[in-house]
Amino acid sequence: MQGTTRPNVTNADGKLSFAHQTLLIGGSNFSRKSAALHHLASKCDGLVFVGKLAFQVMKALGLPVPAFCVEQNAVGEALKLIKLAESRKIPMYYPDDFWCLSDSSTKPLEIVRSDEIVSGWTPVDLGPSSLKRISSLISGCKKILWVGSSDSGLLKRNTVGASELARCLKEQEKVAAIASVVWEFLKGRTLPGVAALDKAYPHDIKWNTIFSDPTRPLVVDIGSGNGLFLFEMARRWKDSNFLGLEIYEKLVTRCLDYVLQRNLKNVHFISANATSTFRSIVSSYPGDLVLVAIQCPNPDFNKEEHRWRMVQRILVEAIIDLLVTSGKVFLQSDVEAVAIRMKEQFILYGKGEVSVDGGDGTEWIDENPLGVRSDWERHVIGRGAPMYRTILIKA
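The sequence shown begins at 35 in the numbering used here and counts up by one.
Treat the hints with care, as some may be off.
Cut-off 16 Å, straight-line C-alpha distance, at most; resulting in silico cross-link-like pairs (EDC-like, lysine to aspartate or glutamate) [stated by the list, open to error]: (1) K362 - E351; (2) K299 - E266; (3) K272 - D291; (4) K117 - D79; (5) K177 - D79; (6) K362 - D409; (7) K93 - D137; (8) K77 - E105; (9) K93 - E105; (10) K385 - E411; (11) K93 - E150.
No lab work stands behind these hints, which were simulated from the structure alone.
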């Protein structure tokens, strides 16, 4: 490995040692894959970056990388992954050299060290030193997880280095290429088979060790985030129990630390993909499920079509099945199309048991009926933007 900033573990002869399970990561969209990569990196014994993801790591380490090779918001996530590797003392490798193409089409491809890429040259393929080093590294591994393309994607034609690496990997019997369906699962996507298992085998939760009285009415906040909404709800309504379901484990850990510090007995948080696990988690609760809140799902997504994916048929049916008669569902979003879609999903898949509470169902609620605003809701209101709210009731 070049440079002194890279986390690394060396063997007796000073060479990199990837002795056990190595994760070879390619492809692009670093920020979208960050959570899954962190999970995999916490289990593997070494990381090898190729393809476009290598550029994000190089940029995070301060190496020269053409601006168009750097993905938005990816450098910060790459730094987190680097720190994880450092904390676990596992080796981490990115290419030593590249075949680079000059902006002047008259010049031939040249081999350039990864720390010497200058303006006017674009890295388009793995260099010979990189290919040799990676081949040597993986030959000494017991298991290799291969995720994503090794191609930089910057040339229209196939690249020799990437193709040679792919050939080398395919010759290794110990390589496990992570299929797209597994990758989608690692990114938190709901898969039918996993959902079926969640439904068939409920979570074993000791509710009496979580809440002081597990027979009290239960309120569930799906996508509880930093927990501020539930903490305030729990403070105001001490005769109810509150459960936050959040897919990001770090947020759940922080919330649980706060619960422990304050010795709170009517609020709890679970790290889970609520879309597929809601039924298996909540079905064993001994009391009544009286309210479910879904507020501004995924507010950081730039595309509206991604922002209602959490509210799918499997989740709607689970909520309606478990909700007590006259129980309610509170939906709100700062994007009207999202709020409309969520409401439509509940009406469509609510088995004829759910309707809008009050009015003709066409108008939005002006004020938050719960009296407690979520963190994102406060942000939206603070900038003068509207919220689109509705409450559904089970007949």
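Against the structure, the hints:
{"no.": "1", "hint": "K362 - E351", "result": "holds (14 Å)"}
{"no.": "2", "hint": "K299 - E266", "result": "holds (14 Å)"}
{"no.": "3", "hint": "K272 - D291", "result": "violated (20 Å)"}
{"no.": "4", "hint": "K117 - D79", "result": "holds (14 Å)"}
{"no.": "5", "hint": "K177 - D79", "result": "holds (10 Å)"}
{"no.": "6", "hint": "K362 - D409", "result": "violated (21 Å)"}
{"no.": "7", "hint": "K93 - D137", "result": "violated (20 Å)"}
{"no.": "8", "hint": "K77 - E105", "result": "violated (25 Å)"}
{"no.": "9", "hint": "K93 - E105", "result": "holds (10 Å)"}
{"no.": "10", "hint": "K385 - E411", "result": "violated (30 Å)"}
{"no.": "11", "hint": "K93 - E150", "result": "holds (13 Å)"}
When the structure is compared with the earlier hints, violations turn up for hints 3, 6, 7, 8, 10 and for no others.
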